[in-house]
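*Asks:* With chain A fixed as given, assemble chains B and C onto it according to the hints.
Chain by chain, the residues run as shown.
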Amino acid sequence: MTGVLALIGRNTLAFLRYLSGLYDLTSEAVYWTFVAPFKGREIKWDNAFHQMVLAGVNSIPIVSLISLFIGVVLGLQGAYQLEKFGATYYVTALVGVSMTRELGPLITAIIIAGRSGSAFAAEIGTMKVSEEIDALEVMGLNIVRYLVVPKYLALLVMMPCLTLVSDLAGILGGGIFEIYQLDQTFAMFLSATRDALVMRDITTGLIKSLVFGLIITEVGCYEGFTVRGGAEGVGKSTTSAVVVSIFLIIFADVVFTAIFYYTS
Amino acid sequence: MAHDFEGPMIRVVDLVTYYGERRILNRVNLDIQAGETMVILGGSGTGKSTLIRHIIRLELPTSGHIFIKTHDICHMPEERFDLLRHKIGMLFQSAALFNSMTIEENVSLPLCELTQLEDSTIRIMTRIKLDLVGLNGFENYMPAQLSGGMKKRAGLARALAMDPEILLFDEPSAGLDPVTAAGIDALILKLKRAFRMTIVVVTHEMASAFLIADRITVMDRGEVIAVGTPDEIKASTHPKVQQFLNRTPEEEAIDAQAYLRTLTQSGE
Amino acid sequence: MKVQVRNVEDVAIIDCSGDVDLYSSPRLREALLGQIRGGAKSVLVNMGEVGYIDSSGIATLVEGLQLSRTTKTRFGLYSLRSNARSVLELARLHKVFNLFETEQEALEKIGSVQPFGGL
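Residue numbers (the working numbering), protein chains in the order written: chain A, 817 to 1080; chain B, 989 to 1256; chain C, 3 to 121.
Derived from the structure by calculation, the hints contain no laboratory data. Keep in mind it's a predicted model, so treat the numbers as computed, not measured. Hints may contain errors.
As the list claims (entries may be wrong) - Distance condition first, Cα-Cα at most 30 Å in a straight line; then the derived BS3-like pairs of lysine-lysine:
{"#": "1", "chain 1": "B", "residue 1": "K1057", "chain 2": "C", "residue 2": "K4"}
{"#": "2", "chain 1": "A", "residue 1": "K860", "chain 2": "B", "residue 2": "K1180"}
{"#": "3", "chain 1": "B", "residue 1": "K1075", "chain 2": "C", "residue 2": "K74"}
{"#": "4", "chain 1": "B", "residue 1": "K1178", "chain 2": "A", "residue 2": "K855"}
{"#": "5", "chain 1": "B", "residue 1": "K1180", "chain 2": "C", "residue 2": "K97"}
{"#": "6", "chain 1": "B", "residue 1": "K1178", "chain 2": "C", "residue 2": "K97"}
{"#": "7", "chain 1": "C", "residue 1": "K43", "chain 2": "C", "residue 2": "K74"}
{"#": "8", "chain 1": "A", "residue 1": "K944", "chain 2": "B", "residue 2": "K1075"}
{"#": "9", "chain 1": "C", "residue 1": "K43", "chain 2": "C", "residue 2": "K4"}
Unchecked claim - Just the calculated beta-carbon pair ranges, DEER-fashion:
{"#": "10", "chain 1": "B", "residue 1": "A1162", "chain 2": "A", "residue 2": "F854", "range": "42 to 48 Å"}
{"#": "11", "chain 1": "B", "residue 1": "L1177", "chain 2": "C", "residue 2": "Q106", "range": "38 to 44 Å"}
{"#": "12", "chain 1": "A", "residue 1": "L835", "chain 2": "B", "residue 2": "A1174", "range": "49 to 55 Å"}
{"#": "13", "chain 1": "A", "residue 1": "E918", "chain 2": "B", "residue 2": "A1162", "range": "50 to 56 Å"}
{"#": "14", "chain 1": "A", "residue 1": "F854", "chain 2": "C", "residue 2": "Q68", "range": "52 to 58 Å"}
{"#": "15", "chain 1": "A", "residue 1": "T818", "chain 2": "B", "residue 2": "N1234", "range": "50 to 56 Å"}
{"#": "16", "chain 1": "C", "residue 1": "E32", "chain 2": "B", "residue 2": "A1162", "range": "40 to 46 Å"}
{"#": "17", "chain 1": "A", "residue 1": "L1026", "chain 2": "C", "residue 2": "G36", "range": "49 to 55 Å"}
Virtual Cβ for every residue (Gly too), placed ideally from N, Cα, C.
So here's chain A without its partners, still in its complex pose (with noise of 0.2 Å):
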């Protein structure tokens, strides 16, 4: 009883460490980003721009391909219980009203996890391991505004744009369904959509979207930062920050949707 005690607490406190590890890379992100500016320190912008490609644009084929399938599930699911009520008419408005609110940002948010805070884990472990983090840090730059305040800036413009390709993607794939199977015209489907979805649909998927982005960036660098044993240790980090970021992105979308329904 005592050993499953003892765990417990030390699991706990293990967690307790790793999110104050994320508070202190947060802030210090934070401090580069917003505050040192206005100090004289430039952002690295050329850096950001690049990765701005790496993690945005060149996400742009696999959000909306996942999204557009994932419009036509809910569609086809839609459609099998609002088929008892003859209400299939509504589809159109249950697509576009979940996919802006929730799957758009979760769907973009969970693919992002899986390519970009991966790759950052790996980018930041693999420097760490050739000590190349350490020579950063020899010739005084600053660690945090030189990598990860790009990747922050990155995923701060890009996870917004890419939630709106999924939006659209999504509520496309549900059109596709409902024009072929439902017999619905092309102009009844726009105008379902555009009666069903309101601009508080949109924007507080698009917040949600902005703090998705935060988690991944912070626990793919977190992560990084704190490999440890050779490539076999950035292994390790590179997955677990993939499960970390998926799991705190849920959790923090409980969080909000809460907030969101209860301020509405």
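*Replies:* Chains B and C only, in chain A's frame:
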């Protein structure tokens, strides 16, 4: 930054460092004079690399002080150390080149980031440093395209970029074949003669230590056991020093009872 | 570091004193390139009072030399102290510059050197 400073360039005082429960450095005291080449010699795990990492403040001690000139670097704010750090160059064991940048970008990075010099000046400086280490013509290569010895040379060019007063080497010959390693030793000798820099080299290669050193510090289990000129070290009667010089394998204390216990003990 | 420019007949002499390092060499650069661009026929740098010169200083002199070739300006250094000379030699540049021992020698000979360096 003229060499107008009197007294030891680096002074280590009662340095103690623990990693968790394990003691890595035990009351290390060491003076390194301006302009001398000090080699820190010892087997693996004797704390010599840890010591050099303290000198550049990659790690902070549990207690004790390190003075560079008159500054206590263990007890000063990070920002103030930054100014001092620019005058210290370090060549890492793995060379630690930035793999996403060309050799020229690697060497010019500290100059671009930390000085107000014009790009054209920086380009000439970078070429001078690369020429100095024998890498003329390799400006646009990526680190992955270079051999181990060339990577070390490029790493050295980067360490020299800011014209440091102190140059630290962590195992300069690690992972190199004897001929390439001798080339690096010759390079260290050339720099030593040319710039009168203070050079600290951590190594376990005796031949190279006796070749380049003005003075040698021998370390064992986190402690300094001998300091002296190469001749003094050779003549030392300290059993551990002799053991290291004669390459006698570590004698293991045999305690039959304890050994039996380790064999038969069941896991917790 | 101090940089002062004076003219002896049609020769611009840059008197440089103190330490030429990463932080002060931009001022030497400004004076040197300014004189060469300004149309001086000959430019000399007096290194007699330079206690220490690092690679940024050397690079600055190389830039001066490079520019002097395009503008066909005669360019030389004189009164180098031993450490400045050894830094030049280490960078294998002592044969590239016109080096003179004294100001008098420099003024006498600068007129006769080829207007594009020693090479």
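*Asks:* Taking the hints in turn, state whether each one holds.
*Replies:* So, going through the hints one by one against the coordinates:
With a CA separation close to 26 Å, the supplied pair K1057 (chain B) and K4 (chain C) stays within the 30 Å bound. Annotation: proposed proximity of K860 (chain A) to K1180 (chain B) is violated, straight-line Cα distance about 36 Å (limit 30 Å). At roughly 38 Å between alpha-carbon atoms, K1075 (chain B) and K74 (chain C) are farther apart than 30 Å, so this suggested pair is violated. A threshold of 30 Å between alpha carbons decides the hint, and for K1178 (chain B) with K855 (chain A) the separation of about 42 Å lies outside it, so the pair is violated.
At most 30 Å may separate the alpha-carbon atoms for a hinted pair to count; K1180 (chain B) and K97 (chain C) meet this at roughly 23 Å. A threshold of 30 Å between alpha carbons decides the hint, and for K1178 (chain B) with K97 (chain C) the separation of about 20 Å falls inside it, so the pair holds. Using a Cα cut-off of 30 Å, the hinted pair K43 (chain C) and K74 (chain C) holds, with the two alpha carbons roughly 8 Å apart. Between the alpha carbons of K944 (chain A) and K1075 (chain B) the distance comes to roughly 23 Å, so the proposed pair stays at or under 30 Å and holds.
Note on K43 (chain C) and K4 (chain C): the hinted pairing holds, with a Cα-Cα distance of about 23 Å set against a maximum of 30 Å. Remark: the range hint 42 to 48 Å for A1162 (chain B) to F854 (chain A) is upheld by a beta-carbon distance near 44 Å. Here the CB-CB span from L1177 (chain B) to Q106 (chain C) is close to 39 Å, well matched to the stated 38 to 44 Å. The hinted window of 49 to 55 Å between L835 (chain A) and A1174 (chain B) holds, with their beta carbons roughly 52 Å apart.
For E918 (chain A) and A1162 (chain B), the Cβ-Cβ distance of about 54 Å falls inside the hinted range of 50 to 56 Å, so the restraint holds. Our hint of 52 to 58 Å for F854 (chain A) and Q68 (chain C) is violated, since their Cβ atoms are close to 38 Å apart. As the Cβ distance of T818 (chain A) to N1234 (chain B) is approximately 53 Å, the hint placing it in 50 to 56 Å holds. Taking 40 to 46 Å as the suggested C-beta distance range, the pair E32 (chain C) and A1162 (chain B) conforms, at roughly 44 Å.
The beta-carbon spacing between L1026 (chain A) and G36 (chain C), approximately 51 Å, falls within the hinted interval of 49 to 55 Å.
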